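If you're matching them up, the sequences are chains A and B in order. Quick note on our numbering: the first sequence kicks off at 1 and runs consecutively. Quick note on our numbering: the second sequence kicks off at 1 and runs consecutively.
If you are wondering where the hints come from, they were derived from the structure by calculation, not from laboratory data. Keep in mind the model is a prediction, meaning the values are calculated, not measured. Do not take every clue at face value.
With a cut-off of at most 27 angstroms between alpha-carbon atoms, the simulated DSSO-like pairs for lysine-lysine come out as follows [said to hold, decoys possible]: (1) 98(B) <-> 36(A); (2) 18(B) <-> 173(A); (3) 76(B) <-> 18(B); (4) 173(A) <-> 37(B).
Counterexamples of contact, computed for chain B against chain A with all Cβ distances above 10 angstroms [to be verified]: (5) 56; (6) 69; (7) 103.
Some chain B residues flagged as far from chain A (calculated, every beta-carbon gap over 10 angstroms) [stated by the list, open to error]: (8) 2; (9) 40; (10) 44; (11) 46; (12) 76; (13) 84; (14) 88; (15) 98; (16) 111.
No residue lacks a Cβ here, since even glycine has one placed at the ideal position from N, Cα and C.
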Amino acid sequence: MAYEDLSAIQLDALQEVGNIGSGNAATALSKLLKMKVDMKVPSINIVPFDDIFTNLGGDEVVVGVIVRVLGDIQGNILFVFEKEEALYIIEALTGKKEEYVTEAGYSVIAEVGNIVASSYLDAISNFTGINVVPSVPAVTYDMLGAILSNTFIESDQFDDSVLDVETVFFHDKTRVCGHFYYIPKPGSLDMILNRLGVK
Amino acid sequence: MTRVLIVDDAAFMRMMIKDILEKNGYDVVAEANNGIKAVEMYKRERPDVVTMDITMPDMDGIEAVKAIKEFDPSAKIIMCSAMGQQAMVMDAIRAGAKDFVVKPFQPDRVLEALSKLSS
Numbered sequence: 001m002a003y004e005d006l007s008a009i010q011l012d013a014l015q016e017v018g019n020i021g022s023g024n025a026a027t028a029l030s031k032l033l034k035m036k037v038d039m040k041v042p043s044i045n046i047v048p049f050d051d052i053f054t055n056l057g058g059d060e061v062v063v064g065v066i067v068r069v070l071g072d073i074q075g076n077i078l079f080v081f082e083k084e085e086a087l088y089i090i091e092a093l094t095g096k097k098e099e100y101v102t103e104a105g106y107s108v109i110a111e112v113g114n115i116v117a118s119s120y121l122d123a124i125s126n127f128t129g130i131n132v133v134p135s136v137p138a139v140t141y142d143m144l145g146a147i148l149s150n151t152f153i154e155s156d157q158f159d160d161s162v163l164d165v166e167t168v169f170f171h172d173k174t175r176v177c178g179h180f181y182y183i184p185k186p187g188s189l190d191m192i193l194n195r196l197g198v199k
Numbered sequence: 001m002t003r004v005l006i007v008d009d010a011a012f013m014r015m016m017i018k019d020i021l022e023k024n025g026y027d028v029v030a031e032a033n034n035g036i037k038a039v040e041m042y043k044r045e046r047p048d049v050v051t052m053d054i055t056m057p058d059m060d061g062i063e064a065v066k067a068i069k070e071f072d073p074s075a076k077i078i079m080c081s082a083m084g085q086q087a088m089v090m091d092a093i094r095a096g097a098k099d100f101v102v103k104p105f106q107p108d109r110v111l112e113a114l115s116k117l118s119s
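The following block holds chain A by itself, in its conformation from the complex (with noise of 0.2 angstroms):
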C-alpha cells in the first residue's frame, strides 16, 4: 500500500493507535520520573525520504534510544532527546548531575526506553490483539537526521515517501521531554488495520 493511499478513516485509525500507545507510555514515563507529563496529539507523518536528514533540527546532534519491535508486526521504536534534556532524566532518576553523558547515563537512557517503547507496545498490543514483542534497547548519541534515516533503512522503509507516528512528551507544561516515533515496516499497518476492522 502507498502510504498516500489511506484513507481518512484509516489515518484515523493509527493515530489513535499512536494515542493508545503514547498515553500509556506517558503513563509510565510519569511513573518513573515522577513527575506529569503530558503530550501532544500524535502524528502520523507521511515525508519523502530524502527531507528526513534535510528537514529542520537534522544535524542536530541528540541521544537516541532504539528498540525493535518484533512480534506479528515488525518495526522500530525511536526515542530521541536532546543532550540536555537526556541529562536532565539521567539526574532526575539517579540523583548525579553530569555534564556529558557517561556509560552510566546511557544504561540509565536506555532502560527509560526500554520501559517507555514496552508501554507503548504493550498498550498497541492490547488494543489491536496483535503479538509484539520489544528488543533490548540500543542507545545512540548522533545527528537526529542520521539516527532517523537509519531506523527508516532498518524499518525496511526507504522508499519515496516514508511514514512514522510520532509523539512529543513534555514536563512542566511546555519542557519538551523526548520525542517519540514509531516506524512500522510495510505490511505491518495493514495488519494493524485489519484487526481493527478499518478497510
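Guided by the hints, dock chain B onto chain A, whose structure is given.
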C-alpha cells in the same frame, strides 16, 4: 433511554464507543471531536452522560470538563483516555469527572462506568 455525548478526536474511537453503547441500549445523541465542540454540543443536547477523551486539539478534555461543569454543575462525565497517570486522573476528578476509563479498554469497563452513573 440514557442519552450520551461521545467526545474523542479520533472518529475511529467514537465509532467504537458508539457501537458498544448502542448495542447495549444507550442513545448516542451527539459526538464531538474537540473540547470546544464538546461544550457546544453539551449545551445544545443536555445529555445524561458524557464520555470524554483528554488529548485533543484546540481544547483538551480536562478544560472541557471544567467548562461543562461551570455551565451545569450536575453534569455526569466519564473520562475515557490513554493518559492514565495518577496526576492526570486527579486533574480530571478535580475538574469534576465522575469516573476514569483507561484506553485500551474492555467494552465491559465502559458499560460498567456508564451504568454506575446513569442509575
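Next item on the list: Go through the numbered hints given earlier and state which of them the structure violates, listing their numbers in rising order.
Entry: 2, 5, 7, 13, 14
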